[in-house]
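Below are the chains, spelled out letter by letter.
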Amino acid sequence: MTNKRIAIIDYGAGNIKSIANALKKVGAESVLTRNREDVLSSDSMILPGVGAFASAMERLHNYDLVNVIKEFVCVRQKPVLGICLGLQLLFEESEEFGLTKGLGIIKGRVIKMPTGTVKKLPHIQWNEVQISESKKSSSVLLGGIADNGRVYFIHSFVVMPQVKEDVLSTSVYNGYKFCSAVESGNIYGTQFHPEKSAATGLHIFRNFINASKNKQAKT
Amino acid sequence: MNRIRVIARLDVKNEYVIKGIHLEGLRKIGDPNKIALKYYEDGIDEIIFMDTVASLYSRNNLFHIIERACEDIFIPITIGGGIRTVSDIDKALKSGADKVAINTQAVKTPDLITEAAKIFGSQAIVGSIEAKKKNGLWEAYVDAGRESTGVDAVRWAKRLEDLGAGEILITSVDAEGTQKGFDIDLIKEITAELSIPVIASGGAGKPEHIKSLVANTDVDAIAMASLFHYNVCSISQVRQALGYKIVDGLMV
Numbered sequence: 001m002t003n004k005r006i007a008i009i010d011y012g013a014g015n016i017k018s019i020a021n022a023l024k025k026v027g028a029e030s031v032l033t034r035n036r037e038d039v040l041s042s043d044s045m046i047l048p049g050v051g052a053f054a055s056a057m058e059r060l061h062n063y064d065l066v067n068v069i070k071e072f073v074c075v076r077q078k079p080v081l082g083i084c085l086g087l088q089l090l091f092e093e094s095e096e097f098g099l100t101k102g103l104g105i106i107k108g109r110v111i112k113m114p115t116g117t118v119k120k121l122p123h124i125q126w127n128e129v130q131i132s133e134s135k136k137s138s139s140v141l142l143g144g145i146a147d148n149g150r151v152y153f154i155h156s157f158v159v160m161p162q163v164k165e166d167v168l169s170t171s172v173y174n175g176y177k178f179c180s181a182v183e184s185g186n187i188y189g190t191q192f193h194p195e196k197s198a199a200t201g202l203h204i205f206r207n208f209i210n211a212s213k214n215k216q217a218k219t
Numbered sequence: 001m002n003r004i005r006v007i008a009r010l011d012v013k014n015e016y017v018i019k020g021i022h023l024e025g026l027r028k029i030g031d032p033n034k035i036a037l038k039y040y041e042d043g044i045d046e047i048i049f050m051d052t053v054a055s056l057y058s059r060n061n062l063f064h065i066i067e068r069a070c071e072d073i074f075i076p077i078t079i080g081g082g083i084r085t086v087s088d089i090d091k092a093l094k095s096g097a098d099k100v101a102i103n104t105q106a107v108k109t110p111d112l113i114t115e116a117a118k119i120f121g122s123q124a125i126v127g128s129i130e131a132k133k134k135n136g137l138w139e140a141y142v143d144a145g146r147e148s149t150g151v152d153a154v155r156w157a158k159r160l161e162d163l164g165a166g167e168i169l170i171t172s173v174d175a176e177g178t179q180k181g182f183d184i185d186l187i188k189e190i191t192a193e194l195s196i197p198v199i200a201s202g203g204a205g206k207p208e209h210i211k212s213l214v215a216n217t218d219v220d221a222i223a224m225a226s227l228f229h230y231n232v233c234s235i236s237q238v239r240q241a242l243g244y245k246i247v248d249g250l251m252v
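Sequence lines, in order, name chains A and B.
For the first sequence, position 207 (counting from the first letter as 1) is numbered 207 according to the numbering used here, and the numbering increases by one without interruption.
For the second sequence, position 18 (counting from the first letter as 1) is numbered 18 according to the numbering used here, and the numbering increases by one without interruption.
For reference, chain A alone in the conformation it holds in the complex:
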């Protein structure tokens, strides 16, 4: 099988180098780009991100990437993996600094974890993921990951998918349960950072690469 190319969307978000390094480590070819043709001709896409929702959306608009991402994911139905803020951007809106509209690819919204419950923010921990019962045998992204496998989180906001079936896993921070990963058809996302989650994270990247290969084989 030929190697597939992954587009890492370059809109000036934080530490993207680690994602490229992780992909290289597992033998995948990636390109860091904001060019429409480069993105659309890739086999899959990673939407990275750390920092603030509103300024990330503003940059995606400024670089004319909003429609490119939507066409890639919704029309061409190619695999996308949103990481941390990249996952949150896939949702309809975020309450960070007032309401900001997101890409609207996944139904639901982004909220701040309740400080009264969780006490300390950001949530910076290696924490466990519990895979949803209905996804345990079928998940592509977390296939082969041990239930309660540990991954690295650093965030204050969480996603609230409207469709229950979109929730791939949950995690618990100081008693507060939240959605830590989503999977719905060709759409994948993690609230944690696979590129910072050692061997478990690299395994997740391998799963995502296989998702794009299988997708290609079917069409």
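I should point out that these hints are in silico values taken from the structure, not numbers from a laboratory.
Given the structure is predicted, the values throughout are model-derived calculations rather than measurements.
Worth double-checking, as some hints may not be accurate.
[As the list claims (entries may be wrong)] Over 12 Å on every C-beta distance to chain B, these chain A residues come out as not near it, computed from the model: (1) R5; (2) T33; (3) D43; (4) N62; (5) E71; (6) R76; (7) K101; (8) K107; (9) S132; (10) S137; (11) G143; (12) K164; (13) K177; (14) F178.
[Said to hold, decoys possible] In silico lysine-lysine, DSS-like type, Cα no more than 25 Å apart, as pairs: (15) K25/A with K91/B; (16) K158/B with K112/A; (17) K94/B with K25/A; (18) K188/B with K119/A; (19) K101/A with K118/B; (20) K34/B with K24/A; (21) K245/B with K177/A; (22) K118/B with K112/A; (23) K119/A with K158/B; (24) K25/A with K38/B; (25) K17/A with K118/B; (26) K17/A with K91/B; (27) K25/A with K34/B; (28) K34/B with K17/A; (29) K38/B with K17/A.
We put the CB at the ideal spot given by N, CA and C, even for glycine.
Dock chain B against the given chain A, drawing on the hints supplied.
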């Protein structure tokens, strides 16, 4: 379950990991990249690279070390020492670091913390404090524990949180390198004041020190150097002291 992060702290001077006592009297330990890779393979949660002389020379010299480290190490990496401007932070993150630890320049121009948090997000900004005890209070020091500031360390920690830091790294200069235990009172006061995570650094010499720190404070992470550099105990022994369940060397 306990989820306190176990961090290896690598103090670097002229391409070598070094280790001193009270941040002074430095001894060479070895190659930063080799040591970082070993700790990664042994299962460390996170690594802090600290340029110990950067502040004196007004520049950080670790960017190329970080760049190389990030090719093989897939855990969070923090870089500290001599970070003075937004462009320094940008360079650090582009080298592959996830966070920058800022001490001296934060004391000089506190607005840097706010500006940096706005641009890069609070999660990338670690407020670093080096504290020395004086008359029952702690004073913040800069330039690798050399210069006093007259600033109360506990109040300064709270101020750093208000300015936008996402985390605090508190190093007890008195305990640093002594392997005689953490300054528990200091960590206790700071964690009680703050609602962002706190990393305790300085003084770990045996698992009992870690147990007593965790029992007496609300600390979120522990940064250690001597303990690992001198093979005093393994990462898995540290995790056991933290209350992690370990079977056959693996966390369960």
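A quick look at each hint next to the structure:
no. : hint               : in the structure
1   : R5                 : 20 Å, holds
2   : T33                : 16 Å, holds
3   : D43                : 23 Å, holds
4   : N62                : 15 Å, holds
5   : E71                : 28 Å, holds
6   : R76                : 30 Å, holds
7   : K101               : 20 Å, holds
8   : K107               : 26 Å, holds
9   : S132               : 21 Å, holds
10  : S137               : 22 Å, holds
11  : G143               : 19 Å, holds
12  : K164               : 26 Å, holds
13  : K177               : 15 Å, holds
14  : F178               : 15 Å, holds
15  : K25/A with K91/B   : 23 Å, holds
16  : K158/B with K112/A : 21 Å, holds
17  : K94/B with K25/A   : 18 Å, holds
18  : K188/B with K119/A : 16 Å, holds
19  : K101/A with K118/B : 19 Å, holds
20  : K34/B with K24/A   : 20 Å, holds
21  : K245/B with K177/A : 22 Å, holds
22  : K118/B with K112/A : 17 Å, holds
23  : K119/A with K158/B : 15 Å, holds
24  : K25/A with K38/B   : 17 Å, holds
25  : K17/A with K118/B  : 21 Å, holds
26  : K17/A with K91/B   : 12 Å, holds
27  : K25/A with K34/B   : 18 Å, holds
28  : K34/B with K17/A   : 20 Å, holds
29  : K38/B with K17/A   : 21 Å, holds
Comparing the model with each earlier hint shows no violations; every hint is respected.
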